[in-house]
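Since the structure of chain P is already known, use the hints to place chains H and W on it.
Residue numbers (numbering that gives the first Met the number 0), protein chains in the order written: chain P, 0 to 439; chain H, 0 to 439; chain W, 0 to 439.
These are computed hints drawn from the structure, not numbers from a lab. Hints should not be assumed to be uniformly reliable.
Identical copies look the same in the list; a pair holds intra-copy or inter-copy alike.
Stated by the list, open to error - Here are the simulated DSSO-like cross-link-like pairs (lysine-lysine), alpha carbons at most 27 Å apart as the crow flies:
#1 Lys99 with Lys124
#2 Lys381 with Lys278
#3 Lys204 with Lys278
#4 Lys381 with Lys280
#5 Lys418 with Lys124
#6 Lys112 with Lys381
#7 Lys381 with Lys170
#8 Lys165 with Lys199
Keep in mind that this is a model prediction, so the values were computed, not measured.
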Amino acid sequence: MNVDIGTEMYGWCRDLFPINRSLTGDGVRQTLSYLKNILPDLEIREIPSGTPAFDWVVPEEWNVSEAWIADENQNRLIDFKSNNLHLMGYSIPVDEIVEKSELLDHIHTLPSKPNAIPFVTSYYKRQWGFCLSQNQVEALPAGPFRVYIDSTLRPGHMTYGELFIKGASTKEIFLATYVCHPSLANNELSGPAVLTQLAKYLQAKVGLKYSYRILFTVETIGSLYFLSQNLDWLQRNLKAGWVLTCIGDDRAYSYMPTRNGNTVTDRVSRQVLKHLGPKAKEYSWLERGSDERQFNAPGINLPVGSLMRSKYAEYPEYHTSLDDLSVISPNGLAGGFNMMLQAIDILERNGHYRINVLGEPQLGKRGLYPETSTHETFNMVKNQMNVISYLDGELDLLAIAELCEISFEEAYEILQKLKIVGLVAEIQYPLLRARHFSWL
Amino acid sequence: MNVDIGTEMYGWCRDLFPINRSLTGDGVRQTLSYLKNILPDLEIREIPSGTPAFDWVVPEEWNVSEAWIADENQNRLIDFKSNNLHLMGYSIPVDEIVEKSELLDHIHTLPSKPNAIPFVTSYYKRQWGFCLSQNQVEALPAGPFRVYIDSTLRPGHMTYGELFIKGASTKEIFLATYVCHPSLANNELSGPAVLTQLAKYLQAKVGLKYSYRILFTVETIGSLYFLSQNLDWLQRNLKAGWVLTCIGDDRAYSYMPTRNGNTVTDRVSRQVLKHLGPKAKEYSWLERGSDERQFNAPGINLPVGSLMRSKYAEYPEYHTSLDDLSVISPNGLAGGFNMMLQAIDILERNGHYRINVLGEPQLGKRGLYPETSTHETFNMVKNQMNVISYLDGELDLLAIAELCEISFEEAYEILQKLKIVGLVAEIQYPLLRARHFSWL
Amino acid sequence: MNVDIGTEMYGWCRDLFPINRSLTGDGVRQTLSYLKNILPDLEIREIPSGTPAFDWVVPEEWNVSEAWIADENQNRLIDFKSNNLHLMGYSIPVDEIVEKSELLDHIHTLPSKPNAIPFVTSYYKRQWGFCLSQNQVEALPAGPFRVYIDSTLRPGHMTYGELFIKGASTKEIFLATYVCHPSLANNELSGPAVLTQLAKYLQAKVGLKYSYRILFTVETIGSLYFLSQNLDWLQRNLKAGWVLTCIGDDRAYSYMPTRNGNTVTDRVSRQVLKHLGPKAKEYSWLERGSDERQFNAPGINLPVGSLMRSKYAEYPEYHTSLDDLSVISPNGLAGGFNMMLQAIDILERNGHYRINVLGEPQLGKRGLYPETSTHETFNMVKNQMNVISYLDGELDLLAIAELCEISFEEAYEILQKLKIVGLVAEIQYPLLRARHFSWL
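Isolated chain P, as found in the complex (with noise of 0.2 Å):
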């Protein structure tokens, strides 16, 4: 299945990758409408240009048709078709003779990596510019040259996609990725690609506790006028979250936590990286680039935290033209989807039980203890016997589990032994520290 599962997504990146996505314009557009034709009730919003966003307002539209730098004799020496990573996000149109002097005060590059191309912005202040890679800025010729962008940046929309998938319970999990990124495949198609099968997975699935809400949207500006709308009811429901992101390589396993730094966003995250060997990371709050900047922000303070393959600005592609296809794998992606899927298991399995006998119950009568008792007996129901020491309600299976010094996993299986003989039963959220926050 994995494999499937993996090329299937490997395929959506392949198809989106070449679309020009930025916080605005048709290429989120495009990438939105390709997403609802395999999630056919994703919600897709426009929100005009001009509306605020607590201290942001969403920004102009930016559409390009054609942007290139030509020689004196009309050879396009540089083309944004050939790479959308060219041209600067947000660059305002322009048809000029430059010497190659002003021209260079245009243009990006990276040194370091003299064969690619880095991938910069100006959302905020109107300006233009061309990305080189090293190599390509010292073949330019002596100049002059024309540079021609014919780009559009006036009133318009920013667009988002928003799904949710009706479990039992009001109490939602979070989740959510980016589409505002040019051709760059790690960060970021790989999130919307695992977040796709992650949707379509949730929504096949029958008997959800949760609710999920689940989110396409571009980066801050699109995190925090949701948030806008929608902050009241998150902090009331909000049970766990994660942002997808650089989801799609092969290479590691990251976390990066909540700003509280122990919710069960946390708890469960952490679960899941333990059993995913020395791969696994846990960086620190100080760390974060992402949008749990935004859900963690002084005032928001949800529990969102961003599960990873390789962290962003931790591996060598990072924001550069090497983020290609070949970065991420089916089989990276099928492991960012895996790692996910483990998270909600917990976290839909996890809860607060209760025994619903005083003292010991007598397991032998239920089947579940050894008839007989000897030395070697002894360890045999320790696990077992573990687990039920702290079946008062307090605390939920997940820190019983870390407790005994077992898996989460091996703590269900022993939860459903109980459960089937009728032992326990869960408490409900309304009954629990009603005084507490939901997430923690």
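Quick look at chains H and W alone, frame taken from chain P:
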């Protein structure tokens, strides 16, 4: 004194060793009757079979007249008379001629210890069985055999003993041990012997601060029945408690903490262990296996730990015929008794005390400070001043001793000096943190 | 500036060194009168002997005219005039001819430092005594000797000085030192010198946030009397406080924490020590020995620690005639002054601040964010964003600096930038955790 006390306890163990004890039956009655000769105030209670105790019921009563395996020529090869471990506990009556293969289905051995008879019971499934050393099994002839068990298993009573020693406070210290093991010495005649000696000591002691509730019962069902009758009272009045088990050998000192792990029972036990040298060890709650399981179970949650010499399941003779009178010794029992005495002496003298002046008291005018202050005397009163600096009633004396990096004895000696000159008063419980559990 | 300040403080110490100070008497008055010349607002108070102070009373006043030991030929062998440490503090008058053996009963020496005169007092037992170096004792002739002490010990006053510097808040910072030691330099003329310099600085400073209560008093009884008069006010208004003692040598920086160990006094002191390099050390509360004893005593419980250069009892010259003007230096005093200045500057600038937008603020439009986002600029604003992520008013700026792994200075610089553009506001105390003590 210790040698005499140890010799006396060892004598009790020797007298009680041959008796066939189990969850119920005349062996328990004989054992309790023997102890009542030493402790005339011991109340012996008989609880009818079928009486509920939370999730459990008091089982039928089991008694044995005879049990043996004979060969074709009526030679008794294995006889309950020579060692009561030969008969599996709660074996039903049988009188049959069986082939060897059928016999072997009913035989328990411990191949890893070829000369040891294992201790095996079947309290909750009606069946019969014999326990043999591996060497005995290998020496069996070809058969057939006559197996003969003259036992009764029918409605009767479970028997246990309770002793209450009244102190100044209604707050209680709880001490429990087992009388349900057949001919096993460390586990479990050492517990009854040490607890009997401790009860004698407490009855003779003038001015007890706490009341003491002492229980000689049978494992699991005995403790659960007792809890089912007294839970409310215990939850309101228990200050601390210990199970005494495996407390008569001379190899180690061990502690099994409460589930909470930070009750006064735990803190006192750690203080005692600290001064017992490198032989002393605290185990993890995950390794428990005695009735601290019941006393700390979900919904029960009493501050009861276990103090031991070599912990059950951690010494080679455990639960085999090798756990005989050679495993325990007068010296080993005396060491266990002294450990309990230290714990009780700390509890009795511990408390929340408050200096009744503001600022440091003037110790000079009370003869508690050197009259001339010189370079040399600077450190003389350091411990005294350190203890005083914490005497605002917030922490108990044991916690203060730990903060001051001195033993409880040293802290208590300082307290006594301050008491004599009227500088400190104990804060009584009702005034102290009425909001907390009494045992924190 | 530091050299000038250090030289000035050293001059004050040199002027004050010869005066014979004790708990009471004209030496204390001369010292305070000298300081009042520098700090005209210093209020000098006279408290009658016999006045109660919690468990203590103000002692009789002690003054000395002359004191010596002479041989048979009236040669003065030992004279108070040559070193006031020769006379045990609070010695009663005497004029006798004594044999050598009787004389030796009244002589204190320090054999481990044969050329040092020890500092000895007898405040609470009426007796007389002389302090000699071991070398001087060994050079004494066979005797007899005439011992002559012309002292008075009778009802009079205890004298101390208090200075109040008003800031914007009624919350106070408390600074105290001693004026009760005779010719001892580091312990204790360094404290009065540094505190005088600090008072000058604070009086000159515009826009103080806190009020400052400065105390030049005598150890133990002086502090206790002050507390007995002001306890209620101090418990409600003290934000932080330090005893200044042994703060003039050049060998170390030391901190004695409050009993609580986690007050703002402790956190500020640790931040200061952190940037003073490997010479800086925090001691344990168990090693205290100055008036933090009184300020933290049971029932008093004020957030007062001690900042020092070489801690009392930890440097070889302590409490002997070797603690003379060669132990302190302009540089050592300036170092102590600067340490205090840093502590106060942190306190004055610390506070609970809140970002007044939801979500991350848009720093770009305020000139606080690079205009183009590239691979290179990614980490540029990391510290700024980290500080912002914690600015929800929950933690004070000092705690945020520690979480962000930057110095308080760096955090404050970031805060200033945010303040200038109107993004943060300080949360005033009355709104802040009214339920807590002010000093947490």
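Here's how the hints hold up against the structure:
For a Cα distance limit of 27 Å, the shortest separation of Lys99 from Lys124 inside one copy, 23 Å, qualifies, whereas the shortest one across copies, 95 Å, does not. Only between protomers do Lys381 and Lys278 lie at most 27 Å apart by alpha-carbon distance; the minimum there is 26 Å, versus 31 Å within a single protomer. In the homo-oligomer, the alpha carbons of Lys204 and Lys278 never lie at most 27 Å apart, since the shortest distance is 30 Å inside one protomer and 56 Å across protomers. Taking identical chains as interchangeable, the C-alpha atoms of Lys381 and Lys280 lie at most 27 Å apart only when they sit on different chains, with a minimum of 21 Å there against 31 Å within one chain.
Only between protomers do Lys418 and Lys124 lie at most 27 Å apart by alpha-carbon distance; the minimum there is 23 Å, versus 61 Å within a single protomer. Taking identical chains as interchangeable, the C-alpha atoms of Lys112 and Lys381 lie at most 27 Å apart only when they sit on different chains, with a minimum of 23 Å there against 56 Å within one chain. In the homo-oligomer, the alpha carbons of Lys381 and Lys170 never lie at most 27 Å apart, since the shortest distance is 34 Å inside one protomer and 34 Å across protomers. In this assembly of identical chains, the alpha carbons of Lys165 and Lys199 lie at most 27 Å apart only when taken from the same copy (13 Å versus 68 Å across copies).
Violated hints for the displayed structure, listed by number in ascending order: 3, 7.
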